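Here is what each chain is made of, one letter per residue.
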Amino acid sequence: MLFPLLAFIIQALLGKKAISGNIALTAILASTIISLFGVFLPVWNETTVLKKWEWFTIGEHTLYVGILVNNLTALMQLVVCIIALPVHIYSRAYMKGDSGIHRYWMYLSLFCFAMLGLTVSLNLLQLYIFWELVGFASYLLIGFWFTKETAVQANKKAFLINRIGDIGFLIGVALVYAHCGTLDLSALFGQTGTFFKGVDIGIIPALDKNTSWVTFAGLAFFLGAMAKSAQFPLHIWLPDAMEGPTSVSSLIHAATMVAAGVFLLCTVFPLFNETVLLVITIIGTITALSAALFALGQYDIKKVLAFSTISQLGFMIVGVGIGAWDAAMFHLTTHAFFKCLLFLCAGAVIHEMAHLKTKIQLDFDPQDLRNMGGLRRFMPKTYTCMVIASLSLAGFPFTSGYLSKDSIVITTYEWANHLGGAYVLIPVVLIIVSLLTAFYIGRIIFKTFFGSFKYRTYIKADMTFHEASKTMLIPMFVLAAGSLFPFFGPSPADYHRSWIMLILDTDSTYPSLAQAHVFIPALLTAGAVLMWLIGWNWYIKQKYPLSENNILVRFANKQGYLNEFNERIFVKGTVELSRILYAFDRHVVDGLTKLFSWFIRRFSVIVYWFDKHIVDGLVNLFAHATYYIGHLVRHVQNGQLQAYLGFALTIVVLGILYLLIK
Amino acid sequence: MGLLSILIFLPLVATLLILALPSSAKATYKYVALGFTFLQFGLSLYLYGNFDATLGGIQQLDAYQFVEQLAWIRMDLGAIGKLEIDYLIGVDGISLPLIVLSTLVMLMGVGASWNIDKSPKGYFALLMILNTAVMGIFSALDFFLFYVFYEIMLLPLYFLIGIWGGERREYAAIKFFIYTLLGSVLMLLVIVGLYFSVINPATGAHTFNMLHMMNPANYVDGSFFAYIANYHEVFGIPARLIGFIVLFFAFAIKVPIVPLHTWLPDAHVEAPTPVSIILAGILLKIGGYGIIRVCYSIFPDIAADTNWWLALIGVISILYGALNALAQKDLKRMIAYSSVSHMGFVLLGIASLTAEGVSGAIFQMVSHGFLSAALFFLVGVLYDRVHDRYIYNFRGLASLTPKYTAYVAIAFFASLGLPGFSAFIGEAFVIIGAFNAESMATGVPRWMAIGGSIGILLSAAYFLWTLQRMFFGQTRLKGGLAWQEALTDLNTREQVILFPALALALLLGIMPSLIFSNLNASVIQLIDLIKPYL
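Chains L and U supply the protein sequences, listed in that same order.
First residue of the first sequence? That's 0 in numbering that gives the first Met the number 0, and the numbers climb one at a time after it.
First residue of the second sequence? That's 0 in numbering that gives the first Met the number 0, and the numbers climb one at a time after it.
In short, the hints are calculated from the structure, not lab data.
Keep in mind the model is a prediction, meaning the values are calculated, not measured.
Positions of the beta carbon are idealized from the N, C-alpha and C atoms, including for glycine.
Take the hints with a grain of salt, since some may be wrong.
Unchecked claim - Estimated spans, in silico, between C-beta atoms of each pair:
1) U:Y389 - L:I605: 37 to 43 Å
2) L:R376 - U:N490: 55 to 61 Å
3) L:I568 - U:K530: 42 to 48 Å
4) U:R167 - L:W144: 48 to 54 Å
5) U:A440 - L:W597: 21 to 27 Å
6) U:V184 - L:S185: 19 to 25 Å
7) L:F602 - U:W307: 33 to 39 Å
8) U:D75 - L:L591: 44 to 50 Å
9) L:S185 - U:L533: 29 to 35 Å
10) U:A52 - L:H417: 20 to 26 Å
11) U:L533 - L:F554: 53 to 59 Å
The shape of chain L in the complex, shown without the other chains:
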């Protein structure tokens, strides 16, 4: 886990000199080896490894940092490593010659570090820290081409929407801390932890899981997962995040980071009560459906894949919601392989299209499906890989996707069957979504690799449109192998026998239905084939029944106008509010200050006037009066004896009068 961090630091120090990516590659290779042999094999189905160091003490609580490796985390960190390694190799060819490549490797290593840290975190706070760090690395990588306006908008949006989720997560952490006094994952959610069956383990009293704060905390954690795993309606950042390099999209926005939300839900699963689980299931279903619909209307190859990712994440979330988090983790693992592969294939195609674009100097969008077609003749190997991945995504037998997707759909059916009533809607919707999935992925394949190439005429002897390079193909082959069933289990049809499901096995509270194991896979497979036939008819035979301006197509293409809605209501609203508040601040709050000072100055003028006219006036009056009296008396002092005597007599008379009256 620390290797990528080391690589990040070294590359940050080296700056521009580190362009080859060898350091990052070595680091991730070392991590993969360690994670497989040093961590995964010893821990898987064996003991839980727990190492901790004191971090700091606050109040009466001490927080620790450390590693917690149990079955769940061991699996997750292995998936991260195994996906990251091929992507690193692929990137060497894909990103070659980019002027900012030193930054690319640096960010990529940072991401790997954060993601691995996230998987093996000891407590919720540590998990939160890495949770935000992966978001940060994703921000950096989406905005990798920072001179591109759309990329910069996209990374801001991604970070802000993730921040909404982070706040949910933080609130959840705070609630758990406030009520349980600890954040330790194993103490809270382990087999003997607080939330597992509500056992009283001495320090922490047993909990009633139906109290309102547990519901709140559960919803808060789910909000965090919703943002990170792009659940409706917080999914809007993920399609925009496709502005980053394709290799990044494959690693971060398809295989690992977006799955972190599912991972979080699995980690804190014991916390959830019935209400929260139901909300999770419903949101997951809505996401799966809406994203599949939006995927139908996209022309950008990466955006179709992005919506496909969102839709599949919806499946996983449903898996968690119905309590089958083992199935969710299984789907997470298989999905990581085939979705990563899809992106890498798409990347290879885009790479060649972009080359062509610079060579023939035409201005077209290298990611637009409408510009592609008939590429299977030029890129047969890429084509094969992509088909394998697509089959896996559609859940065709003999692929890994078949196993994992069926595990979710069948379990959902069993769950709904057990509960009855309107719950049946959920598996029905999931089946419809599965069929839609087959359709849109068929659409990609047909549009990209079949039909005729729009720029065929430009391809001459000296301007070849060729297969991807070996460094790109080898990782793709590896992932393609991982998209087939033998990698996950001995049986191509029975998901119960795959090794992931055997170990993570959760107890279900509802009976299993034997017939569901037969008719659902059959229905899905037959439906998928039917969908491809329709697609073949529509796209290859040119019998497209809908016009481009059809209102439904537009609606899907514009992603249900959610972005516009968000822009208008929330973004504009906040900016407007801030403007109003600033005006308020300047005119009212500061205005009051100014009014106060104006008042004081006026008042001082009045006081001065008072001082000058009243206070000083009194003084002057007194002086004048004295002067005037003196002036009156002065007349006596005129040097004439009779005047003096008269004055003396007057005084004497006045004196006698005074004595008499007294």
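Assemble the complex: chain L is given as a structure, and chain U must be docked to it using the hints.
Same frame as chain L, but now just chain U:
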């Protein structure tokens, strides 16, 4: 003379030296200032290294460290009793981090004033006086002494803004001065009231000793502020509540809280870069420190009653400051408003009255101290080069000045609370503490904590938006080619100043125990002091 006194009065020596040097030695002033602040920084690190983290402090003098006590003013006033003012200084877990922070920010401030050429003698002399005053405030334990330092601090700041500031500097300076003075004059009344209510149990004389004021047994029965035997009331309002509000008002202006914050954007925008750094880095912390040391410790009963309101003010400051920052078009004003928002967290944390919240608040003060200093410094860098800081006049700076952009991005992300940086720890624990408040029954409801956490979202919004508007995209500058040439990347001096601040933010984000371990005993003691009144 003890270490702490040396720490306080070292800058005063520097002032004298600068004043004594002839103006022909003009170029040496900054070296003198730098040398002395550096020495001071070293001393504060020594204090930090020799600090015993197990001792609490707060109301017990023997738990304070590096204490110095000298009889300062003794006067027999006949019938009223004896006047007793001590020179009493000491350090506990709450003041220690702030002292270290202050010396560091001062160092940055001196580094940022390297290019001051308008009468450097006066400038550096005033800066050093300010330095002394600040150190004094953080270590004074006698209320009279505290007040003296508090007033001394105003004077150099007034001149520093008023003389070396921008276009509307006189307006900003007078606004700042009057605002702060208003608070401190009222504070004086309460100090006198406290003086007449408290006696030193050892001598029987009235005293200004803050620690005696924290012990309810020292209050004279029937006196104005006594609260064991009787509650005085003025117009039906308890006298102690009035005293608390007046003191809080004085410090709240400094923090600043909404709606007493309007001096801050003006002062920041008009002040020269180094003064902005010191204002944001140190002076705002005096507000938070004062609330803890004075309001909460001397009036624990009222603190327990009013914390709902204080937390409310904190939340309003967080959201109001953040939204205002979002509306700014002047980069420096935006950062000034972001300070209002971030200091709101301090108030919310203190008001939560939980160990997590109070520790988080102090941590946030320290973290905001050098992060805002770094931010203001970064704005100064831009302003130095093109004399403009209007956000929309810049675009795509990343291609032009990569190093500068990297530093700005790190500082922005550190300030918006990215984990791994110090602001995250501060904000997260304030939020956690505020949530915990309901479990501890301190009276701060949960919705306030949620309100505070929305501030975290908004801070991400305004920082990222600014980053996107100014630094990313294609390069486009209002000043055209002339600006393009003027906008050189960071030079070594600037990097030397910025790097430690950001490195420290990272270090504290990864190892918060560097602060928490020294803080913890004091915080627990403070909570214990207040707890009986909850």
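### Message
If you test the structure against every hint from before, which numbers come out violated?
### Response
4, 5, 6 and 10
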